Amino acid sequence: MSDRSKLTFWLLLAPLLIWLLTLIILPHVGMFLVSLREKVGVREYETGFANYAVFFNEPLYWNTFARTAYMSIAATLLTLLIGFPIAYYIAKLTRGRSKTTLFLMCLIPFWVSELVRTFGWMILLRETGVFSNLLQYVGLASGPVEMLYNDAAIMTGLVYTSMLFMVVPLVTTLDSLDDSLIEAGYDLGASGFAILREIVIPHAMPGIVSGCIVVFMLSLGNYLTPILLGGKDSLWFTGLIYSQFITRFNWELGSAFGFLLLGLSSLIVFVGLKLSRQSLGKTMAQ
Amino acid sequence: MNTKLILSTVAAMTLSSVAAQADTLRLLTWGGYAPEDVIAKFEAETGHTVEVTKSNNEEMIAKLRATNGGGFDLAQPSQDRIAGPQAEFGIYKPLDMSKIDTSLFIPSMLEATKGNTTVDGEVYAVPHVWGTSGLVVNTAQAGDVKDYTDLCNDSVAGKVSYRLKRPTLIGFAYSMGLDPFAAYGDEAAYKDILDQVEAKLVECKSNVKTYWDGGDELKNLLRSGEVVASMAWDTGGWQLNDDNADITFVAPESGALGWIDTFALPARGRSDDVAYAWINFVMQPEVAAMITSAAGNFTASQGGDANVDDALKAKYQASFPQEAIDNIKWYPSVPAGLEALEGAALDRINAAN
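Chains G and V, in that order, are what the protein sequence lines are.
Counted from 1, the first sequence has number 8 at position 8 by the working numbering; the numbering is strictly sequential.
Counted from 1, the second sequence has number 104 at position 104 by the working numbering; the numbering is strictly sequential.
No wet-lab data here; the hints were simulated from the structure.
Just so we're clear, the structure is a prediction, and the values are computed from it rather than from any experiment.
Wrong hints could be hidden among the right ones.
Covered by chain G, according to a simulated footprint, are these stretches of chain V (three or more residues, beta-carbon under 8 angstroms) [stated by the list, open to error]:
#1 59–68
#2 82–91
#3 206–215
#4 220–227
#5 261–273
Glycine included, each C-beta is placed from N, C-alpha and C at the ideal position.
Kindly produce the complete structure, drawing on both the sequences and the hints.
Below you can see the structure in the form of structure tokens.
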């Protein structure tokens, strides 16, 4: 490589490096140092892993993490289940204008902020809300029905919020699947289910995995939806981090929780990749 | 020619330096404490500009802590949130009492606040707005709710809401016949009180519809009738009273909890003089009355309640007969580190089934 092309290489890389260093690496180093500070008294600190020990010694905290993780996994699977037929329909069964229209309709809810979307669900689901009144009007319910403040409401909110992030990668991968492969499958006498299992899903696997990773991470890191739609039992791990930082003034424990969330969620994604026999490189290349 | 030019330049620079003295006041406060009309009047009188950031106690402290007390010139945390955070994080600077017109303040309230916010012999805050928290009740449907523990009655099952925050712990403790404020200095005794309150709140959990977070959320719940009894601020109850005459604020039998929001200078505030000017400006009786009508709460301004409209006064008197006023439990200064104990208890209540 000549000196000149080396310079070009570094100049092109510079924005990315500055971004990574100043906005991601440095703050994380700072957070990590804070998480190692043990508070022993007013303005007195020692260095150690006590904050991490708190997480493992107090069942409340890791129970909350486990709950957050399995609800996020459930939300991811549900999003995949609902998103796949939609994506297949958009990619394979529509052409031209109607394809664009359908794609746009998936996008429209994202033109308003997440907060507004969540309030929308609150209006629909609450005891004096739209669904409750509708059920009473139709005669299916005799009194007001409360559908808000439970885990099902959280799940609805999470799936709704992350649907787009599943549909877009799926449509992209399914678009690249040659229709003649599916026709060949039918010509050879395969059933619709066999074609789905042997041709469509293997081809769409990178899209499925990248969609799942994005949706899982978004659900795990979501704060608004679980707090607003969830009930009195619904703890969410990001809510715990917020309350440690803001209401308890305990930045040390909050930072430790932040790192645990980062580490444990990366671990779950890693396990998911291993189980689906995909590699991160292959998924991202899609 | 040249000297003329220099002279006029000098003149222009002097003028602009005069103009530069018109500073910006970055005010960190609560919703309603700096209404538009008050800001406009202040800006017209002094030439300074005011930038308002609305917040709450915890966020104010978190914001100031993140910048070591920078970014704002005047903050309005409650008087119990001065000494502890100051000892721990050093986010405020002492007040120069000679720059404050103390004759504008109600003397007893000024002295009480000064006493509560003195750290190492320096005063850190003066009082501004005060009020109480207690019960907001739909009296037609939950007339039997007279105290915090009544929220656990079967008659209001599933129609109760309160915050999962420290006022709830304190209120329930008083209602159970305990004295949490007296135990502030004794960690073991306070822990014991917290354990009892925690058990009660876990038992009471099945009665709760949801734990509210924001004032608007609670108002919606009460207005729609989904909730008939709740713990909330006095102003919230009085505002709802305008829409529905059945809903009002009730001072609990064990005593409403009294808070005073203050003026405190952030450690690295840049325009202290404007901050002092603002304090002296808003404590004038007629300006204080404007703030009372916007925020719904009374101020520590001497004579500030004279110009307040009669409707608000009537609601205040209905909720607070003299014995209820005498029974108000004023928050003492929160010792550093107490929040960690309370936080753990609140988390356990939240997680309990």
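To see whether the hints hold, each was checked on the structure:
no. : hint    : verdict
1   : 59–68   : holds (count 4)
2   : 82–91   : holds (count 4)
3   : 206–215 : holds (count 5)
4   : 220–227 : holds (count 3)
5   : 261–273 : violated (count 0)
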